[in-house]
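Please build the complex by placing chains B, C, D and E on the supplied structure of chain A, with the hints as guidance.
Protein chains in written order, with our numbering: chain A, 22 to 361; chain B, 22 to 361; chain C, 22 to 361; chain D, 22 to 361; chain E, 22 to 361.
Hints should not be assumed to be uniformly reliable.
A pair counts as met if it fits within one copy or between any two copies, since identical chains are not told apart.
[Unchecked claim] In the SDA-like style, the derived pairs of lysine to any residue whose C-alpha atoms are separated by at most 25 Å in a straight line are:
| # | residue 1 | residue 2 |
| --- | --- | --- |
| 1 | Lys224 | Asp124 |
| 2 | Lys210 | Asn225 |
| 3 | Lys224 | Gln161 |
| 4 | Lys210 | Val352 |
| 5 | Lys224 | Asp286 |
| 6 | Lys166 | Gly52 |
| 7 | Lys356 | Arg232 |
| 8 | Lys210 | Gln298 |
| 9 | Lys166 | Glu79 |
| 10 | Lys166 | His78 |
| 11 | Lys120 | Arg206 |
| 12 | Lys356 | Ala192 |
| 13 | Lys166 | Leu80 |
| 14 | Lys356 | Gln298 |
| 15 | Lys356 | Arg206 |
None of these hints come from the bench; they were simulated from the model. Quick caveat: nothing in here was measured; it's all calculated off a predicted structure.
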Amino acid sequence: MTTITWYEQGEFRTYTVDELCAIAPASIPKGATVWVDMSNPTPEDEQQLLTTWLGVHELVLDDMRPNDDLAEGMHPAKVEEFEEYLFLIFHAVPIPERKPDEDVGTFIHRIRGQQLNFIMTEQLILTHHEVALACIGDVQRMVLKNRLAMERGPDYITALILDEIVDSMNAYNALVEDRVEELERLVMKGESTYTIRRLLDHKNRNQFTRRKLMQHREIVARLSRGEFKVIGMDEAVYYRNVHDHLVHAVDHVDTIRESILSLIDLYFSMSSTRLNQVMRVLTVISTVFLPITFVTSWYGMNFHHMPELEWMFGYPMVLAIIIIISVVMYVVFRKRGWLA
Amino acid sequence: MTTITWYEQGEFRTYTVDELCAIAPASIPKGATVWVDMSNPTPEDEQQLLTTWLGVHELVLDDMRPNDDLAEGMHPAKVEEFEEYLFLIFHAVPIPERKPDEDVGTFIHRIRGQQLNFIMTEQLILTHHEVALACIGDVQRMVLKNRLAMERGPDYITALILDEIVDSMNAYNALVEDRVEELERLVMKGESTYTIRRLLDHKNRNQFTRRKLMQHREIVARLSRGEFKVIGMDEAVYYRNVHDHLVHAVDHVDTIRESILSLIDLYFSMSSTRLNQVMRVLTVISTVFLPITFVTSWYGMNFHHMPELEWMFGYPMVLAIIIIISVVMYVVFRKRGWLA
Amino acid sequence: MTTITWYEQGEFRTYTVDELCAIAPASIPKGATVWVDMSNPTPEDEQQLLTTWLGVHELVLDDMRPNDDLAEGMHPAKVEEFEEYLFLIFHAVPIPERKPDEDVGTFIHRIRGQQLNFIMTEQLILTHHEVALACIGDVQRMVLKNRLAMERGPDYITALILDEIVDSMNAYNALVEDRVEELERLVMKGESTYTIRRLLDHKNRNQFTRRKLMQHREIVARLSRGEFKVIGMDEAVYYRNVHDHLVHAVDHVDTIRESILSLIDLYFSMSSTRLNQVMRVLTVISTVFLPITFVTSWYGMNFHHMPELEWMFGYPMVLAIIIIISVVMYVVFRKRGWLA
Amino acid sequence: MTTITWYEQGEFRTYTVDELCAIAPASIPKGATVWVDMSNPTPEDEQQLLTTWLGVHELVLDDMRPNDDLAEGMHPAKVEEFEEYLFLIFHAVPIPERKPDEDVGTFIHRIRGQQLNFIMTEQLILTHHEVALACIGDVQRMVLKNRLAMERGPDYITALILDEIVDSMNAYNALVEDRVEELERLVMKGESTYTIRRLLDHKNRNQFTRRKLMQHREIVARLSRGEFKVIGMDEAVYYRNVHDHLVHAVDHVDTIRESILSLIDLYFSMSSTRLNQVMRVLTVISTVFLPITFVTSWYGMNFHHMPELEWMFGYPMVLAIIIIISVVMYVVFRKRGWLA
Amino acid sequence: MTTITWYEQGEFRTYTVDELCAIAPASIPKGATVWVDMSNPTPEDEQQLLTTWLGVHELVLDDMRPNDDLAEGMHPAKVEEFEEYLFLIFHAVPIPERKPDEDVGTFIHRIRGQQLNFIMTEQLILTHHEVALACIGDVQRMVLKNRLAMERGPDYITALILDEIVDSMNAYNALVEDRVEELERLVMKGESTYTIRRLLDHKNRNQFTRRKLMQHREIVARLSRGEFKVIGMDEAVYYRNVHDHLVHAVDHVDTIRESILSLIDLYFSMSSTRLNQVMRVLTVISTVFLPITFVTSWYGMNFHHMPELEWMFGYPMVLAIIIIISVVMYVVFRKRGWLA
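Here chain A stands alone, though its shape is the one from the complex:
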């Protein structure tokens, strides 16, 4: 669905694709701001708006479309400046609604990144994405209420959307943190292939998230530095704000990474602690019963001449020997701390 919001001198107008295409991009009046949002667009709309009307480069069109060869089907985030427009790819992280009683591990698995493409000129912002995104919807509602936003132009609207995206990245990180705390409880419970696989899986995904955030951060840094002519220096403070949030997100991801690495270490440490405990039990049992079984086995021999066997107190003597051995062993183990 393609939504076109045309703002001019305090007025909002709505156009159809055909109506908009009747006006050449270059002849949008100074002071007007046009926002074209293409949500899961038809190939015809893409052809008409992007290729014919805006004259977007074929490689840009390629980059806008999902590609199954790529991680999560998304092109890496990027910014590319063309003579007539600025092309931006960002990765939105729409957080779906959490089902009641859904555990956080399953919930995280349901979250899928979405590629969000921007084409910006001085007066036009075109957003292009495969599924409806909350970050777009929220900003659309906000600008309809607050016409100052449209007054400020495409660069300001982009900053607002980027801020929403980074907020959802932070929400995602918070979920991962919850999950890692849950895994910590599992690690404390005992070793299991499930726990260690989940931890290693999160370690990998954490690196993936970090790389993605670093790419976004670098791009926003360039946007905030006034490197591109369609982004005015008066909006730089908003991009710097987004950049700060991304710096924080990277910090957060790093903190989570360290937690995961520590949990993996803890897992191995607890596994070896348990092995030690098991071996200690085995050793205590063997060290007590092998000697006393030897004693009883001794008096199980069938020699004709074994004077002790005939003694009156032979049997109680053996009992005494065995009790003494057991007590001595108990004291030794106690002192060595093996009975804990």
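Showing chains B, C, D and E alone in chain A's frame:
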């Protein structure tokens, strides 16, 4: 509470917020230095002083306020230059008083970082924080005694406060070092989940502290380089001094990190050493008692034709065999060093 | 075989080596584009075309030829600018056809990199390689169909070939990813020297691939920056596109690396989990049977005065003792979770 | 003690502090070189010479004095340029005399770094340290013999002292290397908490030394680049020489680090090798004696109807069975290589 | 021995040291190229040629001579520009002849690096080394055959020698690779202190080689960039070629490093696999024999009232029980895969 210190030509005056707001920031006389300290300020004061009087940007206001989404609720340290003022965030580390008999682990846990915001112009310094901070109070008392400090202006006062902050960071690091030494004693005592969890926890926090210090260091480096117009080159030596202290603090944190990593290695090494000892005990016991129990078991057989059973010296012979086996084993283990 | 494609004003002509050498490189008419493809060339062709006709430097010739001292016999990728031409080395990864039922491990082993050399001037592109390459053949067919490509000149054709090369690198990475997933299944099945050796082998090769990709990425970055005069800025977008694909390929290689490292960790973790299980079985068995064997051994003693032996219920009593010991052990082990 | 060496036109003169302070620093005649060495100075001398006579900044004075909060009580090495002078901190490593029979571990522990401060102007060099230092004494004796050194000025003398300092750092590194070789012998002897703690301790100190050397190297690099006006380009070659020696020292420290890390790996490897050997002994013993003890235990049963017990050759048969079992086991273990 | 080759207008002349010293370096005619090779020179020759004739700086002389304090007695590679000459240190790796049947480990140990010093002016090249070097001899023979080389001047000759040096570094790396493959076979054979020590030793030496190569690479990069006036830009392509070879050598060293690290991992993995196998054997043996020995021990009890003992089929019954226990255990272990 908002405290306003107005210094002009050797005289200190005190203003209320309303009195100050009656004077436009631009009309503060040359040579005067004004220090506005907002400790846990009311929203009204913030509105009046920051928004109306100083015209601070809305995003700066956002950054000044605590945010629960962020680590420790604090915005990362930063410096941002606006046309009219310089905005700084630093993280103070107020060290509370230590309770008698409080162990260092618990004490460290009670320490919470605090966000400290600065707004500086050529003649004005505004400090803004949620709780009363010793680093502010100490510098306030110092400038009242030593008017030269006020004479030197906001940039000098800021340097003084930063130096206090870095001192408290160093005090914090010294506490962590004490704690790590305590943990070393625990590692030497024996393996326990408590010890390894504390070590891994400190490893994570150490990285967190390092990142924070690196951010501060980078910011102070920029302040000392004369990059910002409100910081005069004549105060650069004080910022360089703060920078040196931060370099040292980072070095200290690195040294602590290496100690922690070594302790984790030591923990695992001692755990495996203990396993080896346990296994050695088991092996010694088994290697002695399995053969001699075999011998006694041999003469426990009920064959009708076992000549040794009827021998006069059959029984002492077995005794001799068993003593010989035991002595040989003892000598072998002794040589292998398994009896230590 | 040497194929010469001469394009001029919409017309394609084919030359022999001798015909081409009759025209000095400098006298190729403006607007013409010449593509000389040398596939497994004879030394005579090399001598005639490269040394005599183009006057290529002897060291460049050395670099073009395979060298057994080097990894895979290929010179590292590079770009070198000479006064008259630009010299490029790239590594093509021709993916052979997969045999039916060939497993991915064997298939990957059959893939061999191939050195592909380019010599570019404003109007000439010379490609030089040891074996016929799909990336060359595909682009040759494409330019014959689409004369616009030849119109755009050697820099555009090179970009097309590079894009094909990077696509095959991505295909290779996808195969490695499949293989790593296969290895994950082997890791889950149990420890074996085969599995760990394959994992370590892939770790090494992954680093090798990464270094190669980084070299290519750096070179394409330089090509896209307009650093070289034979590459026009109007083709820069195509080189930037290749660069983006290489950035993605490096990301992919990093993701694979993390998977491999995690699998190695998982391998060691599962190996230690299995050891723990084995030890637990041993300990359970010993802890049950050593005490009860002691009891039976006790009543196997031959003392003349052992009152229990004569008791009516001596034998059932022992049976009861042994059942009680076993049940107690069972409950203890159950509680400790050792019976899982 | 403060020693003042005044050199002018081939003549050496000696001044007292009071005599020197009578001459303003600015009025030292061109061509004269003054070396003021303050070894463990009195506060009065510091006040008179540094504060009053030279007008040294209060923060520089702070940096010159030992500070217990810092690692080893020393300020990190640094160079700071002021309008009138250059301020340098270096860390000397005075090597004390080795006691006969003192082992290298104890000897290294006795070595303490010393802070050495320099204040340099075009004609004056002031050295300031807490204890008498060999590197100062040696250079003092050298310049008295070789007046050319004084002729060359403060920058040359500083280079000479730095070279002596770096030589002592190299001597220290050589001692550490000896110690690491000693620890290698201990690792080969067997596992012990002492050995691993010493290794981990040296790993930490190695990192500390490296950081210190890197700081020194960076400073000397800046000195050699002619960044500071009091260091003439004609002495740059001497600073470059010191820099080369520091590069070598860092290399040496890196080599030692790798040795230490390898020893730690070797320690763990040998610990696990020993565990394997112990377990193999246990397994061999159990695998031999459990089956044969079962056989003897079998014929220890008291069934009335056990025909073998009455056989003529029952007893030799069991003997044969047990010998056969033992021989088979021996052959199996031999083949598996478990008897080594 | 000092060899002097004087080339002028197609003619080679040979001079003695005294004859050469009669001609001032500055008065060598334009167009002449002089190569002075000092192989294991006498102190007199050094004094006469270097100090008196060329006026080489005393620190350069120090750097030319071996120094026992340094790794392998060699000064780190470096390039230093003086007003009159360029001073270069490189490390040659002369590969001695391999003895028949000498294994690669011993052969590598015999290889010793050699310091090779260059002093270059526009018309003079002076090479200085302790032992006769193949890389010098080969180039000497080559220039005598090919006078064009001498025509091109000292910078070209230096490039030729550097290329020979890098070739020998590559040969050395190839030997190390052979050795690592040999060690892989040893790792597969079984654990031994010898194998792990050799691996750790090669890991250390690999790092050492890498650092050395990086220094050389950096220096050659500077030479190829035309930073030094005695190296003409027309020879830059030869230096770039040497640089490429060094890049490849560093890559090779990195590949070897990864192989070594993987082998160390494999060593530890195989060691733990073997421990697991040993423990499995122990557990299987114990789990079979402890229960059945309990059964036989049960019927070894001497109770008067044990009805089974008198049963006709008591004895066969026990036999049946024991066979059943053994078969069940066998099936369980089979299923668990513990019998492999």
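Verification of the hints:
Proximity of Lys224 and Asp124 under a CA criterion of 25 Å is satisfied intra-copy only: 19 Å inside one chain copy versus 29 Å between copies. For a Cα distance limit of 25 Å, the shortest separation of Lys210 from Asn225 qualifies both inside one copy, at 23 Å, and across copies, at 22 Å. Within a single copy, Lys224 and Gln161 get their C-alpha atoms no closer than 36 Å, and across copies no closer than 45 Å, so neither meets the 25 Å cut-off. Taking the shortest alpha-carbon separations for Lys210 and Val352, only the inter-copy value of 19 Å comes in at or below 25 Å, while the best intra-copy value is 31 Å.
Both within a single protomer and between protomers do Lys224 and Asp286 lie at most 25 Å apart by alpha-carbon distance, with minima of 12 Å and 11 Å respectively. Taking identical chains as interchangeable, the C-alpha atoms of Lys166 and Gly52 lie at most 25 Å apart only when both belong to the same chain, with a minimum of 19 Å there against 46 Å between chains. Proximity of Lys356 to Arg232 under the C-alpha cut-off of 25 Å is found in neither arrangement, the shortest distances being 53 Å within a copy and 44 Å between copies. In the homo-oligomer, the alpha carbons of Lys210 and Gln298 lie at most 25 Å apart both inside one protomer (15 Å) and across protomers (16 Å), since each shortest distance falls under that limit.
In the homo-oligomer, the alpha carbons of Lys166 and Glu79 lie at most 25 Å apart only across protomers (18 Å), although the nearest pairing inside one protomer, at 36 Å, exceeds that limit. In the homo-oligomer, the alpha carbons of Lys166 and His78 lie at most 25 Å apart only across protomers (21 Å), although the nearest pairing inside one protomer, at 34 Å, exceeds that limit. Taking the shortest Cα distances, Lys120 and Arg206 sit within 25 Å of each other inside one copy (22 Å), while across copies they are farther apart (32 Å). Proximity of Lys356 and Ala192 under a CA criterion of 25 Å is satisfied in neither setting, with 52 Å inside one chain copy and 40 Å between copies.
Taking identical chains as interchangeable, the C-alpha atoms of Lys166 and Leu80 lie at most 25 Å apart only when they sit on different chains, with a minimum of 20 Å there against 36 Å within one chain. Proximity of Lys356 and Gln298 under a CA criterion of 25 Å is satisfied in both settings, with 16 Å inside one chain copy and 15 Å between copies. For a Cα distance limit of 25 Å, the shortest separation of Lys356 from Arg206 across copies, 19 Å, qualifies, whereas the shortest one inside one copy, 32 Å, does not.
In this structure, the hints that do not hold are numbers 3, 7 and 12, in rising order.
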